[in-house]
Amino acid sequence: MTDRIDALGFGRRSTAEQVTEGVDLSGRTILLTGCNSGIGMETMRVLAARSARIVAVARNEEKARGALASAGAADGLAIGAEFTDLASVARAADQVLASGVVLDTIITNAAIMALPKLETVNGIEKQFLVNHVAHHLLVTRLLPAIRRSSAGRIVVVASNSHNFAPRGKGIDFDNLDGGKSYGGFRFYGQAKLANILFANELSRRLANDGITANALHPGLIGATGLHRHMRGPIDWAVSIAMMFGKTVPQGAATTCLLAAHPALEGISGRYFADCRAAKSSAFARDAGLARRLWGRTEEIIASFGVA
105 MTDRIDALGF
115 GRRSTAEQVT
125 EGVDLSGRTI
135 LLTGCNSGIG
145 METMRVLAAR
155 SARIVAVARN
165 EEKARGALAS
175 AGAADGLAIG
185 AEFTDLASVA
195 RAADQVLASG
205 VVLDTIITNA
215 AIMALPKLET
225 VNGIEKQFLV
235 NHVAHHLLVT
245 RLLPAIRRSS
255 AGRIVVVASN
265 SHNFAPRGKG
275 IDFDNLDGGK
285 SYGGFRFYGQ
295 AKLANILFAN
305 ELSRRLANDG
315 ITANALHPGL
325 IGATGLHRHM
335 RGPIDWAVSI
345 AMMFGKTVPQ
355 GAATTCLLAA
365 HPALEGISGR
375 YFADCRAAKS
385 SAFARDAGLA
395 RRLWGRTEEI
405 IASFGVA
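Numbering-wise (the numbering used here), the sequence shown opens with residue 105 and increments by one.
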């Protein structure tokens, strides 16, 4: 099925505007996290330009409103959610549900990367909490809104950095607090692996609901500031790579393709990079690991007292 995506002819230098040229999103509503900068802002701008209504989720409502205005989507819905506070995430989801909006697409884009020092919240390493657990809570709580769509899509922004997740384990369930050992980039890789596993498990669970779920690698993008916390040799290597990396419009292309293009209809449980189907790691394709992660994530959410 992914052959028809490759046949479109898009690649690593394609931009978000190019992959959505001629696509009319009138009548469709798209929720996006991490919308107020970088590829999130570009994604929102382009989808709004294709006539989608946007539900913008940022750290607070003021930032979300500002992002909507900057993207030319002032008629959208602004939602504030602090992703280190799961109660805040739950309230944000409930606010969306209370609005009565039908969600056609959910894009999980918000992320933090490679924190140099270990930070935890309620015993959970911060990157894992923000990049994975908070999005798991948000998406699952919003399922009633996307089930009302005729063809819902869930688009999970992951990363090829998932290949740097803990060796031999993928997800180190015995060290989710980072207490035994910590490396900022390794834990970022673990969180990005969790993103792909989450998308795959969503695809399995929602197969009979007409909702698709896919994950993607946006590419190395120099202007987002995401890698600002990186230090040492990894920072040097990534900085060199980014000199030959993507622009922000190119970095938003794969997200916009998965969210908007008609050719993606019915395609689910896949991984994409450079606007084409790609191969993820063996851990990312482990269905048993995906199911185990789902269960552990639900336990973490419950431990935060979120009902």
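Note that these hints are calculated values from the structure, not bench results.
Everything numeric in this text was worked out from a predicted model, so none of it was measured.
All C-beta atoms, glycine included, are put in the ideal place defined by N, C-alpha and C.
Check the hints yourself; a few may be wrong.
As the list claims (entries may be wrong) - Label pairs and their in silico Cβ distance ranges:
| # | residue 1 | residue 2 | range |
| --- | --- | --- | --- |
| 1 | A386 | D179 | 23 to 29 Å |
| 2 | A111 | R163 | 21 to 27 Å |
| 3 | R389 | R163 | 39 to 45 Å |
| 4 | A311 | E121 | 15 to 21 Å |
| 5 | R117 | S155 | 24 to 30 Å |
| 6 | M105 | E403 | 18 to 24 Å |
| 7 | S130 | A386 | 37 to 43 Å |
| 8 | T351 | G399 | 36 to 42 Å |
| 9 | D281 | R163 | 22 to 28 Å |
Structure-based check of each hint:
| no. | hint | verdict |
| --- | --- | --- |
| 1 | A386 to D179: 23 to 29 Å | violated (45 Å) |
| 2 | A111 to R163: 21 to 27 Å | violated (40 Å) |
| 3 | R389 to R163: 39 to 45 Å | violated (33 Å) |
| 4 | A311 to E121: 15 to 21 Å | violated (32 Å) |
| 5 | R117 to S155: 24 to 30 Å | holds (26 Å) |
| 6 | M105 to E403: 18 to 24 Å | violated (34 Å) |
| 7 | S130 to A386: 37 to 43 Å | holds (41 Å) |
| 8 | T351 to G399: 36 to 42 Å | holds (40 Å) |
| 9 | D281 to R163: 22 to 28 Å | holds (24 Å) |
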